[in-house]
Each structure stands twice: as C-alpha cells, then as structure tokens.
Amino acid sequence: MRRHKTRRDCLQTCVSPVLRFVWGLVLIGCLVFSGGWIPRGLLMTLGLVLALCSGKRVSFPYFSFLIATVVLFHLFLPLGKVWFHVGSWPFTEGAFLLGLGKGFTFAGLVFLSLGAIHRRLELPGTLGQVWAQTFSWYEQLMEQRAAIKPRALLLSLDRLLERLYPTKSGSAIVPQISTPLPSDGQKAWASRTTAAGWVLVAVTTGAALLVAVFIP
Amino acid sequence: MPQPGRAPVRTQLVAFFGALSLFFATLEYLFPKPIPFFRLGLSNLPLLVSLGFFSFREQLLLLLLKVVGTGIVNGTLASHVFLFSSAASLASFLVMYGLFHLVPARWLSLTGVSLAGALASNAVQIVLAITVVYGPAAQVVAPWYFALGTGTGLAMGWGAEQFQRHSKWLERVRASS
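Listed in order, the protein sequences are those of chains A and B.
Letter by letter, the first sequence follows residues 4 to 219 in our numbering.
Letter by letter, the second sequence follows residues 50 to 226 in our numbering.
Hints may be right or wrong, so weigh each one.
[Unchecked claim] Straight-line alpha carbon distances no greater than 20 Å define the calculated EDC-like cross-link-like pairs of lysine to aspartate or glutamate that follow:
| hint | chain 1 | residue 1 | chain 2 | residue 2 |
| --- | --- | --- | --- | --- |
| 1 | A | K59 | A | D12 |
| 2 | B | K217 | A | E96 |
| 3 | A | K152 | A | E165 |
| 4 | A | K152 | B | E107 |
| 5 | A | K84 | A | E96 |
| 6 | B | K217 | A | E142 |
| 7 | A | K171 | B | E220 |
| 8 | A | K59 | B | E77 |
| 9 | A | K59 | A | E165 |
[Said to hold, decoys possible] Ranges between beta-carbon positions, derived for each pair:
| hint | chain 1 | residue 1 | chain 2 | residue 2 | range |
| --- | --- | --- | --- | --- | --- |
| 10 | A | L213 | B | R223 | 23 to 31 Å |
| 11 | A | Q147 | B | L203 | 28 to 36 Å |
| 12 | A | R11 | B | E77 | 21 to 29 Å |
[What the hints assert, rightly or not] A few chain B residues that face chain A, going by a derived Cβ cut-off under 8 Å, partial list only:
| hint | residue |
| --- | --- |
| 13 | F72 |
| 14 | L109 |
| 15 | A136 |
| 16 | A140 |
| 17 | F212 |
| 18 | Q213 |
| 19 | V222 |
Think of the hints as simulated: they come from the structure by calculation, not from any bench.
Each residue gets a CB set at the ideal place from its N, CA and C atoms; glycine is no exception.
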C-alpha cells in the first residue's frame, strides 16, 4: 500500500466549506456552458490550480490518459477538415477538437470538484446528522487502520469493529461517538469566509465568467 | 435504545456501515490500480453483508451515505464521477436487493448476488460512458469491462461470504438488530 503525505489545504483557512461548494458549482457551470476547447482548457487549468491549492492529490498520468482516450474515441467519427490519413482512416480537425474539448471538460469537472469539496461540508436535514456520525466513525477507522493485519485480516478487522462499535455488553448496542478535533483543539478550517477568501472567490468567478462568455 | 439528541440505534448502525463503506473505498483508493478506471468495489462489502438484516429504506440510506460520502471524502461530489457512481451503485443495489429477497439462498449464494450487482453496475457505466463521455466507439471496451466486472463481482461476493461466515462481530450485530 502506498503512503501519501498529507498536503496542506490552503483554501480552508479563508473560504468556508459551504461557500466553497457554491463557488465550485458556479465554476463548473462556466466550464460546462463554455464554447470551444480553448475556454474549457483555461477553466480546466483553473480547476487544476484550485485542486492543488486545496491539497488534493492529482494524478497527472491518470488525467492525461483520460483526455487522450476521449480524443481517441472521438477520432473514430470523422468530422470537419481532414488533416491527414493513417491508412484509410482520416484524422480530422473537428473530431480532434471536439474530443479535446470534451476531455478538458471531464478532467476540469473533477479538478473543480476536488477544489470545491471540503470534508467538513455540512449536509442539511436528517441526512446531514447521519452523515456527521458516519464521518466521525470514518475518521476513527482511518486513525486505527494500522490495527488491521493482512495476515489475520478477518480477526483483526473483527477486533477493530468491536472496539469502535461494541456489541459484547448485552444486547443493546451503545456505540462510542466522538468528533475528533485537531490536537490544538482549534478548527483547522474557517466556518466563515475571510475578506481574502471573498476576494479570491470574486476574482476567480469573474475571470471564469469572462472566459466562458467571451472566448469562443 | 434511542438516546436523547441522537439518531435511533438502527440509524446509528446504518451510519456505522456507511463509515465502513467509506473506509473500504479509501483503502481501495490507496492501492495502485493496474488499469485506469478499474475498481475492485470494496466499498460494496458492507452493503452486501447487510442485505439480510437492513430494511429496504435502511439499505437505501446506506447507499446514499456510501455514494455521497465517497463524493465528499474523495472530492468528486460535483463532478461527472459522482453521476456515474450514483447511477451504477443504484442499479447494482436494486439488482442485489431484488435477487437476495426474491431468489432463495439455496439457489443463489451471496457470490451470485454480488456478481449480478457488479454486472448491473458495469452495464450502467458502459451506457453512460458511451452516451456522455466517449461516444459510440467506446463499445469496443465493453467486453473487457464486463470480464473485469465478473472477476471483481466474484471476488467481492466470496469476501462477503467469508466475512459473514467468520465474523463474530457481525454475528452479534445481526442477533441484536
């Protein structure tokens, strides 16, 4: 199993999880409704920058492969000016640029989503309450994952599950729930957006709108 | 016993299984993938082993927690990945739930249920890949995709059966729920 360093989320200290989600949706709207491959490429790049700023791991080979396969599959349907032939297969400009635009869109959607979603995004209603419990247990499972031993997989997993969700003491199940905070007891993310955060959101949204509307 | 200010115990159990789904999804994410887009489907294990004791509504809540939770934890909630994942998971769940409750266990094991769910999930993903992302040319990868789905469906089903057979914790959960 690979071990990855935890990267710092530079956006979490200035933009609240809810605004970040809305901001991401607006940028995604710009990407989806923009015209050609150039604005989509620019917005994908913005998404990539935001994803990296938010400390998310981005696999460049994976996304290069995604874009390349989307382009490749579109090339099978000839469209527009023929650039050259490979055997009897016409390599067309229209199919290439259509595929490239789509590839940029799908990679951009993932990048923008990676940048927009904070783990502490609060969901409304009953689902939100259940989600809070789920996330708390998930964090505890992740903290104690070293307790799972590959050589005694089922036994060690059973012990871990019993520790987190006890079943032995009578028939009533009384789970231990806690929402761990960072060691200094302070939240590492901003529940309100700072002035710098608002500036960042306004500038990037304005730029994205200009790109989507004015670049063909 | 429901506790004041907390969700009832049954809902807490669903929440715990949801956390297990997310945990397995994260473990899967950490393993290197031999082929892009290839998924083992470890996060389906809690869904599979709880088919026998959660009601339809509880299973649906677990599915929602799994899909939305994975979208939040992996950051793909606002992307097409979430759409693909939701549609495939829903199709897989409906097929698994239907087969589990309609076909007697002596005719269809949990491995068979898992295989059917994996193939339903793959079918939906192929249709979405053709219609949304790649276009008609993507049909050429369908047989390979189904072959991989068969392998992972069988493996997950076998894993679920082993866990059901040997886990004392699951046995006590089932007895008390």
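Quiz item: Which of the listed hints are not met by the structure?
Solution: 2, 4, 6, 9, 10, 14, 15, 16 and 18
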